[in-house]
Every structure is written in structure tokens, then in C-alpha cells.
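Participant: Now for the letters of each chain:
Protein chains: 2
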Amino acid sequence: MVEVKVIGSWSSPFVRKVEMALKMKGVEYEYIEEDLRNKSALLLQHNPIHEKVPVLLHNGKPIAESMVILEYIDEVWEGPPILPQDPYDRAMARFWAKFIDDKCTFTMWKACWSTGEEREKLKEEATEGLKILENEIEGKKFFGGDKIGVVDHTANFIAYWFPITADFVGLELMTDDKFPNLCRWANDYINDNFVKENLPDKDGYIAILKTI
Amino acid sequence: MVEVKVIGSWSSPFVRKVEMALKMKGVEYEYIEEDLRNKSALLLQHNPIHEKVPVLLHNGKPIAESMVILEYIDEVWEGPPILPQDPYDRAMARFWAKFIDDKCTFTMWKACWSTGEEREKLKEEATEGLKILENEIEGKKFFGGDKIGVVDHTANFIAYWFPITADFVGLELMTDDKFPNLCRWANDYINDNFVKENLPDKDGYIAILKTI
Chain P
1 MVEVKVIGSW
11 SSPFVRKVEM
21 ALKMKGVEYE
31 YIEEDLRNKS
41 ALLLQHNPIH
51 EKVPVLLHNG
61 KPIAESMVIL
71 EYIDEVWEGP
81 PILPQDPYDR
91 AMARFWAKFI
101 DDKCTFTMWK
111 ACWSTGEERE
121 KLKEEATEGL
131 KILENEIEGK
141 KFFGGDKIGV
151 VDHTANFIAY
161 WFPITADFVG
171 LELMTDDKFP
181 NLCRWANDYI
191 NDNFVKENLP
201 DKDGYIAILK
211 TI
Chain D
1 MVEVKVIGSW
11 SSPFVRKVEM
21 ALKMKGVEYE
31 YIEEDLRNKS
41 ALLLQHNPIH
51 EKVPVLLHNG
61 KPIAESMVIL
71 EYIDEVWEGP
81 PILPQDPYDR
91 AMARFWAKFI
101 DDKCTFTMWK
111 ACWSTGEERE
121 KLKEEATEGL
131 KILENEIEGK
141 KFFGGDKIGV
151 VDHTANFIAY
161 WFPITADFVG
171 LELMTDDKFP
181 NLCRWANDYI
191 NDNFVKENLP
201 DKDGYIAILK
211 TI
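Those protein sequences? They're chains P and D, same order as listed. The UniProt record's numbering puts the first residue of the first sequence at 1, with every later residue one more than the last. The UniProt record's numbering puts the first residue of the second sequence at 1, with every later residue one more than the last.
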């Protein structure tokens, strides 16, 4: 019996983050692709509250919410740490991961799929969040410092999925002239070998965008 | 020099949660009351992103976001654990703390201070969240099991501040007939001796509500 399973969706940045964490730790797992337009009994049983992916199943016990899953993976399995070791650095990582999840990702996604006044409002909101990140990444290679860390992976939507999506829908937001540090960071992040292997290919992702 | 300081507000459930965690660990700290209508340079310097309380200062280094602060306190100081020890139980505690913070507290607070259609919408949303908690607490004394834990403290707004606020503004929501388990839990929680000592007195809180 495979003791670790991930219920996921190919095109979810949150799922990719969990998969990268498992791979970093060298944990073997079974991946179960979920059809989010026709949710499975398995998903509804194991994440009845949010009905969202990712869900980690460890010996049959379910855990939902990607950051909660990452903390769990870090505590249960040996191997390279997911969160920083120093308590203050851990607190900072948790703070920034929460900021990205709460203030950036969803707003940026919604901005892509809205129009008119609503889009302008969301663009403004997203710009506020990105300005803060632009400031935070200034002078650093990655959010985690010299090496890619949990905050970088949490921001994988901003680095990879968002630019493709924005381009696809014709949204101008995270431009090189306005966010030079963030764009530099995004480029470094997606060109890291491990990250590259764990992000979906662009054409496949665009094919999915065409169905939205 | 006092090494630990809390920038707080007397009437913030998030601040009380942090203070309770410090007291559980036996950590001496200096409390600095913040005037949220006229924010201090100290607050703006140490939490420039959110400009909110609580902020924990440890040897001058600031940490914001109450759950991030709690994890930090638990990692840095000896004493009774704040989060459960078992990784799966910890994951569940993090999941529920996040659920309460994201889906209940703010919506319930906004429902108190809105009117008409907006209030009805918020009431509905809050009811959805409370139903899930009602189900979760069924058959358990506290969210933490037999003993009060981090999820109970995270829900301190629901147990104490909300009923007083709802009564003050004339909002009917968390009634005994609709949420018997939650109301029973709230009563047990606020009558715990340690909790009671760490919540503001009702008259003082109502005096503050009158100024809103």
C-alpha cells in the first residue's frame, strides 16, 4: 500500500508546491488527478470543508490547505528543511507566505478574469501587494535569501502561472519597468532546474486556459 | 531592558490570544497599548505592511500576525505547548485556526456593523462557518479535546466578544437553539479561570463599543 497520496490538479500552483515539498524530502507518493468540474467522492470525503485541492493523505488521514500540508511534511519527514531552521526566520517565512496567499495570488487571478471597473479595482489591489513584494525582494536573490525557500515556492503563481495567464487574457500588470526586482526574481525562480521540472509546460497550461 | 514587548489593543481578541500564549509559557513582557485611531510611529515601524496589532517585539525584532506569533512563542520558549505535539494534531489545529480566522471572525464582526441586505448576506456567510464549527465541536469539550487549546483561543472572538457585540447591535445569529454545541463550548471556554482572567470585563468592552 502506498502510504502517501496527493489529490491534486495538474494546473494548480498550490498542488505543485506540495509536490515539490514531497520531492525535496524524497517522499514517494501516489498522485491522484482530480477533475475540479466534477469533484470526486474521494475529494469530498477528505476535504468536505473547502472541497479544494491539494489534499495530502498520509496512511489514510487527510490534510488540506497547502501551507498546513507543508508544515506537516516538514515535521514528519527527514531531509532538507522546507521552512527555515531559525525561529525568527521561520516566523518571517510564515508571515510572507501568508501575505502572498492572502493578498496577492487570488487577487491577481481574479484580475485576469474580470473586466471593466472591476478589473481596474483588482489591478490596483494587486499592484499594492506586488509593490510590497518588489520592495521585499530588492537586494536578495530569492525570498529565502541565496537559496530558494518556502516563500519562493508559495509565490510560484506570481513567477510562472500569472505571467502566462495575464499574457493570455491581455492584462498588463507585473511589467518589467514597474517591478524590475520581481521580474528578475521570477526569471531566476522558474529557471532553477528543480523548479523547472515541477512546473507544467506552457503549452499544456495555455490549452487549459482556453477551456476557462 | 525588557526583551519581550507586545504592541496591542485592549479590545483585540488577537492580542489577547498572544498575551495568553506568553502567560502560558511564563514569559515576562511589557505591554504597550496602541491607539488604533492614531497609530504610533512604533507600530508603523514594526508592522508597516498591515499596520495592525498585535506585534511581538523580541529583542527588538518584530513579528506580526497572531498565528505566526503563536508559532514563534511555542518554538522559542519552554513551558506548556501552545500547539499539539503530534504532527497530525498540529496540522488539524493549524487547519481550524486558519478556518476560524479566514471564514468566521471577520465576517461575524462585519455582520454586526452592517445593515439591510449586506447584513443578511454576511449573516448567511457567518452561519455557514458557524455550522461547520458546530459540527466540529459536537461530542468534544473543547476544540483541543478535553483541554483548551490553540483553536479555542483562536475562537475567543466567537466565544466572548461576538455575543456581547451582537447583543449590543441587536444582531441575532449564534443562538442557543441553532448552535447548541457552540454555545455550550463558548460558556465552558469563557468560564475557564485562566481565560476569564485574560478577557476584558464586559462593561469596559461595551463602553468601547459605544464609541464605534
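Since the hints were derived computationally from the structure, they do not count as laboratory data. Honestly, I wouldn't trust all of these hints.
Which copy is meant is left open, because identical chains are indistinguishable; a pair holds if it fits in one copy or across any two.
Said to hold, decoys possible - With a cut-off of at most 25 Å between alpha-carbon atoms, the simulated DMTMM-like pairs for lysine to aspartate or glutamate come out as follows: (1) Lys103 with Glu118; (2) Lys131 with Asp146; (3) Lys121 with Asp102; (4) Lys178 with Glu118; (5) Lys110 with Glu128; (6) Lys25 with Glu75; (7) Lys196 with Glu33.
Participant: Give me the numbers of the hints this structure contradicts, sorted from smallest to largest.
Facilitator: Hints that this structure does not satisfy do not exist here, as all of them hold.
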